[in-house]
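Trainee: Residue numbers for the sequence shown, in the working numbering: 617 to 1281.
Hints listed in this document are in silico derivations from the structure and should not be mistaken for laboratory results.
Here are the computed lysine-lysine pairs in the DSSO-like style, where the Cα-Cα straight-line distance is at most 30 Å: (1) K1239 x K1270; (2) K1081 x K1101; (3) K1148 x K1138; (4) K1008 x K632; (5) K1019 x K1005; (6) K921 x K746; (7) K690 x K1239; (8) K710 x K728; (9) K921 x K690; (10) K796 x K983; (11) K1005 x K936; (12) K1223 x K1209.
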Amino acid sequence: MNKKDVEKRINELVEKTTYYAKKYYEEDKPEISDFEYDMLMLELRELERQYPEFVKKESYTQHVGGNVKSGFSKVEHEIPLLSMQDIFNLDEIKEYVNKIQKQAEENDIKNKRFVVETKIDGLTASLEYKNGVFVRGSTRGNGLVGEDVTENLKTIKNIPKQLTENVDIIVRGEVFISSKDFEEMNLKREEEGLETFANARNAAAGSLRQLDSNITKARPLDIYVYNIQKINGKEILSHYEALNYMQKLGFNINPIRILCNTLDDVIRAIDEIGKKRDTLTFGIDGAVIKVDDLKYREILGTTAKNPRWQIAYKYPPEQKETILEDIVCNVGRTGVITPLAILKPVQVAGSTISKTTLHNEDFIKDKDLKIGDTVVIQKAGDVIPEIVKALKEKRTGQEKSFKMPEKCPVCGAKTIRYEGEAAIRCSGTECPAKLYRNLVHFVSREAMNIDGLGENIIDQLLSKKLISNIADIYKLSFEDIASLKKNGTKFASNLINAIENSKNNDLYRLLTALGINHIGAKASKVLAKRYKNIDNLMLASFEELSEISDIGPIMAKSIVEFFEEDQTKDLIEKLKQAGVNTESLEQEEQDQKFEGLTFVLTGSLEKYTRQEATDLIEKYGGKVSSSVSKKTNYLLAGEDAGSKLTKAQSLGVKIISEKEFEEMV
617 MNKKDVEKRI NELVEKTTYY AKKYYEEDKP EISDFEYDML MLELRELERQ YPEFVKKESY
677 TQHVGGNVKS GFSKVEHEIP LLSMQDIFNL DEIKEYVNKI QKQAEENDIK NKRFVVETKI
737 DGLTASLEYK NGVFVRGSTR GNGLVGEDVT ENLKTIKNIP KQLTENVDII VRGEVFISSK
797 DFEEMNLKRE EEGLETFANA RNAAAGSLRQ LDSNITKARP LDIYVYNIQK INGKEILSHY
857 EALNYMQKLG FNINPIRILC NTLDDVIRAI DEIGKKRDTL TFGIDGAVIK VDDLKYREIL
917 GTTAKNPRWQ IAYKYPPEQK ETILEDIVCN VGRTGVITPL AILKPVQVAG STISKTTLHN
977 EDFIKDKDLK IGDTVVIQKA GDVIPEIVKA LKEKRTGQEK SFKMPEKCPV CGAKTIRYEG
1037 EAAIRCSGTE CPAKLYRNLV HFVSREAMNI DGLGENIIDQ LLSKKLISNI ADIYKLSFED
1097 IASLKKNGTK FASNLINAIE NSKNNDLYRL LTALGINHIG AKASKVLAKR YKNIDNLMLA
1157 SFEELSEISD IGPIMAKSIV EFFEEDQTKD LIEKLKQAGV NTESLEQEEQ DQKFEGLTFV
1217 LTGSLEKYTR QEATDLIEKY GGKVSSSVSK KTNYLLAGED AGSKLTKAQS LGVKIISEKE
1277 FEEMV
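Model the full structure from these sequences, guided by the hints.
Mentor: Have a look at this one:
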């Protein structure tokens, strides 16, 4: 290549790697495999090394990780959380080890050992302890500034809240989801009609970076701690000693850590980990080779992006060829229709693969997959089977193109794809495949709030054919409900009362309960206030809805399409006949006492759930934000208040107790 071509190729690689890195680090939605991304980065680094005059400031080779997600407070890392240089062949490993040991001799370093560990495929987290108490946790971010995810990290059981010693320490670890938990979580999401995660790493990253810590708590996150970033009052001489000390403090430590004296030991350790890849309970994307002597690490130092005292060896993914025999569609409980590849069974990375998700229509088009194709498959992160590509050169002409169904394969209602979404959905309100989830959502606390009508009861009602649509809830008799439990008289009485009470809910709760795509409680309140009753809303045009503040064209399209469905019209009529309120309940003028005020909640409240406190604030015209800023008027602080309390104090935000909040209400 001439220099002009080189510059052009570098620009292309910078653009591609920046795009894919953003999808991976910031959106937790990878579009290519780790191996494909690594190869692009390898090519970019090599070209930049040969032609430094063409290095771009924005190149991902020049900085670490992703940016801070909007909604989280920023944390400046006292010790930068740098990434590792990746190596893809053993010759480079030999060169690195020999170089490090030679420099050790030149610097009169007695401990020339290395520690080889698994490179866990997860999300880096920093944990800070003061006097042995966990006080703050953050993501790596760009290496210098990360996200404050303290409340989310507190939900991970294996993160100790109190250490066995009263020490000031900052440690670094990797948050991950085990292979078994990931498969179970994805299976559950598929059954519920939710989009499945592409791999365990991104599931862990997306779970840790939730703005609602209750979502994080519901995800099976785990952590292994692997480095002391800083410690006060204790001298530790080696990394291996540090690992044992962290374990003594109560941390979960990477279970595979091999102490190596020689180059041969390092190569054997890499090989040993490689052979164990298929049997590990967690996904890995390589092996890490670390200098053991901590004083020697200080001498070696770092580059702008990587420590010189450690490198990562990346194992190539095992790939196999097989036949894409068919593509079938599964309908989830929320109506998402997911294409599933039926494969000729083949052994990959220790297990037989006979099917894998194709995610959505765009995935099939992007890969140009046809039924009958010979395809290459691998396990993403050594865990989840995925189709890498179709071998077009092996096509015979007998292959068939696949098209997503225009009608739901279960109920026959038309399928829809909302703007900005990759998923195809069943539009039917009474589709058996989605009825269960619709019912669960309809009765939930933030919707119609029918206390006692939980998932188990809904399961029984469906299996006994006592209900076949949402409106049937209001036809249930005392005898129907009492038959579900032994001595169910009291239960039936309470549930009948709860069902009757729900008929008097405000219109916004009904709109929330209907489960219109993109329309949550906030938008439902806007619509209820604007249209006063459901009939007016059903007549609203796309143009009219689009102009409403907080609604916009995407929500407007969802609303219009939802109310155009005959099944929707039939459901609304049945609810009216059952006596369910479809009018907005006007609030008195005094109800707007919090108008113009912004609240933030932290810690546990005694009398209210967070949702109940939020509802009260919004009822009186206030707003609830997820993060503290200069614009925050009040921080409502309960027990175990976290980092939000510290930030509120530093910004001078007024902090109120639950008792003070009650007095304001």
